[in-house]
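**Student:** According to this note's numbering, the sequence shown is numbered sequentially starting from 79.
Incorrect hints may have been included.
Taking CB as the label site, the calculated pair distances span [unchecked claim]:
1. Ala231 / Arg341: 30 to 40 Å
2. Arg1050 / Leu955: 50 to 60 Å
3. Glu877 / Pro646: 25 to 35 Å
4. Ala423 / Tyr220: 47 to 57 Å
Calculated from the structure, these hints are not laboratory results. This one's a predicted model, so the numbers in the text were calculated from it and none came from an experiment. Quick reminder that beta carbons are idealized off the backbone N, C-alpha and C, glycines included.
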Amino acid sequence: MGETKGRLRLASGPATIRLARGVRFSWSRALRLQKQGITADLAGRSSMSSQQESSTGHLVRSRVAVNLLGRTGELDLIEALLAGRSPTGPCLLLRGEPGVGKTALLDAAAARAEAAGLRVLRASGAQSEAEVSFSALHQLLYPLRERGDRLAAGDQREVVSQVFDLAQAGSLDALVVSTAVLALLGEVGAERRVLLVVDDVQWLDRASAKVLGFVARRLADIPVVLLATARTGAASVFDAVRLPEQDVAPLDEEAAATLLDTRQPDLAPSVRRRLLEEAAGNPLALREVPVALTDRQRRGQDSLAAFLPLSGRLEAAFASAIEHLPAPTRHLLLLATLQPDASLAAIRTAAQGNADVDDLDPARKAGMIVSDPAASRMSFRPPLIRSAIVQLSSPAERRGAHHTLAEVANEPRSRAWHLAEAATGPDETVACALEQAFLAEFRRGGASAAVTALVRAAELSPQSADRSRRLIEAAYLASSAGPLDQVPQLLADARKADDARSVSGTRSGSVFAAATAVYLLNAEGDVDGAYRLLTRGLDDADTAGTTSKWIDDLLSALLFVCMYAARPEFWDLLRDALARFDPHLATPLRLCYEAFTHRDRTPATVCEGLARAFAALSTDVASQWLIPLAFAAVRLDALSDYRHLVRRMIEQERDGGAVALVLTGLVLLNLDSYHHGQWDEAEALTREGLDLAAAYGYHLLKADLRTKSALVAAARGDADLARALTDEVMTWTTPRGIGLTQAFARRARAIAALGQRDYEEAYAQTSWISQPSITGTGIPARWMVLDLVEAAVRTGRVEEARVHAAAAQQAGVRSSHTALIAAGAAALAANDDQAGMLFEAALSRPDAERWPWEHARIHLAYGQWLRRTRDTTRARLHLRAAIETFDRLRAQPWTQRARNELRATGVAGTATRPETRTAALTVQERQIAELAATGLTNKQIGERLFLSHRTVGAHLHRLYPKLGITSRAALRDALDTITPDKNDQAPQPASPIEGSHAQQ
């Protein structure tokens, strides 16, 4: 095979790709590489090379544009068919479900055949022409209408002529036509080989099917091959021919994800998961469903409907299969669609004698459903076909199905929902049942469903007061479920629903206050406005006898306001409220309050209470209980023992649950990961949280997560990024008085300044959070003692450093983490006659290595002190220990400082240029790096190189370590040190990024 620079080529034997530099790998590897971010552009520019045998036995080389993904096996079979070496003979029938890509395979086959010099004749079955005799044959042979005169037999010429004149073809004998067509194809094939392509044979007219069946059985003797398609389970006259068949299966998970990511790279994670699940590898669905969604739905800002909308093309693909099913079958499918978790026995009962499970056989044979008799369950294939079943049913049919399902439902939530969907007007009984069932669902991870149910309950409410109350409750739940921009509209609708009545002083008043406060806090960061509303809401709760569950919600909201405002007077209100009320959440709320304030219990007592509270949690505990306990655990550096519970909560709430709880969980896990030296994991959690916060409008948590991103950037030496992030955060949080987030931003600035050895700046940032003589017990002040002491010592404020270190040693809030920090600070500030002993004491503390960042910094400080006191042998041990940890963390400035100190002890060759690459860049990595260095975003780079933004991000993530850098900001300098060398660049792997062209 010749080589074409920059092009992919597929051999006619095993499915392998030959790259321009001679590297070979399989399509399955290509897909794996795609998942890792390594791509090839197959969107009409890449080429496939094939070698085929002509009718004379000579090899014919063709180059054909290809954009099929995950179809290696099918393409290999087609390749063999065209080359005349198929083990099954000259015919092949492809079977598959609607939209799986059968027509796309025919298109690929036709393109290859034409490029190889074959004549291609095409026809497709059409329901509208199924009663027109020889209509498909007419379409197939019409390009040969001038060739009929060449037939030797006059009667065959006449027959072919009549086939081309459909008006006369109806009276023709099928056997006569068959022999004439076979003779015509033999005549044409003698000139050059022929490929017959027939799509949807199940819809061929009977006469054409008979003729083609006759011809198919005799193709072995003439230079003609036949490739046809049929739907799974669809019967036709053509079935009697018994052609060799190949099932065209849906795309596997990897290929399906690649296709979706390529065409829709900016889908919200939850939307992406839903589409992949519903499409189940159906290429047409993966291409069409995202287009039918709104921009807000694709971004995750609006909830997806229970049944996804279908484009006209997709509905038509499914409709033809559904509409031909018997009425009892369609009725059973509608019941199963509206109650997807129902057993076959329940569906039979709901059918009320109008159908039995045996009536599902036509759908099973058509491949629409898969049943499991042992489990008495059935599932749809693909699940998206449920949307077509609903769209093709009438409103009356749907209401009737809901009504019968409600009658047989044995679970309150299901019964209430079906009754609500069957209702045609206001019904307080149904509204009340719906409200009660779904409020319980909210506390089990069903926040989005609860919002939808409460809005529906409001629509069914006969009384305006009940309608208003339910909309207010929906608004409160929406403030946790997101997106946040629906909350103001729900509150406005609630006011309109009951204009004549004020909610102040009522149960609705306290819920209204909670909903508005949580919205103001999460969307606007208005801690003062939220505080005032919650104060009023608690007063309303006192006078209106508000139920305990809403008291819990008010106090939970107040807890968040207290933490983010970080003001003593706010905590006073929470303390008083906990004394006034007896909420179900009293234990978690009090433990969190005491962990943050230490007013009523000693830290040891709080730790003991926290351990008991976590041990008492049941497996299905509401997330409301877990969050206060988790914050208390973070405050006491104990979350690592319980992070599995936070992770479980995130998974429970991730799809359809409370987005606010998912984001809060990500913040908690991020803090724990950072402190335990899992910085890559911390960054991944931050990225996930930022995407979610941006999509759903949680600006407070977005700002919080930005400080976490800034902290890692600062520690790893990207001071510019850390400054940019913290500037943005400070601009937003300072006028709002969000003390906690400001403190985290200053913490990141302090770490960045220490890394750059700008100790005055580090001192200014740390002393803003905690005065030198007073050790802050809050977060993050308690974790910044070492930062403040180091900055003070390096700026000559040694006495202040010693006062602060002493205060930290005497502070009552002690964990193994803060104890290590305090011990390290004491050693750093000590006189030379005490420093060595204090450093040894700090490093020998129990669990010191659990906190690698501070542990390595203490090793570095000790190594510096030992070198200064001329104990170079021991200094090297501690400096090497520091380097090992800093290298693992990729804390570049600190690694460099430790290497410089080690070199100063007389160890040669320890300094390394951070910009020196450790491995060669591929061609594509070099392109991406150069574009990123100019300031382009991942999306802009992707548009230029025809890659998804996720692929670009993955490449950048891999090339940073090769260049010895940690961020985009260092790319330009790093690239300047590289001299391109064609012999030294890594081969450029590639894989398909464009999905399968799917048709019916």
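**Student:** Confirm or reject each hint.
**Tutor:** The hints, checked one at a time:
1. For the pair Ala231 and Arg341, the supplied restraint of 30 to 40 Å is violated, since their beta-carbon distance comes to about 53 Å.
2. Checking the proposed 50 to 60 Å range against Arg1050 and Leu955 shows it is violated: the Cβ atoms sit about 37 Å from each other.
3. Between Glu877 and Pro646 the beta carbons are some 28 Å apart, a value that agrees with the proposed interval 25 to 35 Å.
4. Range check, Ala423 to Tyr220: about 54 Å between beta-carbon atoms, so the 47 to 57 Å window is met.
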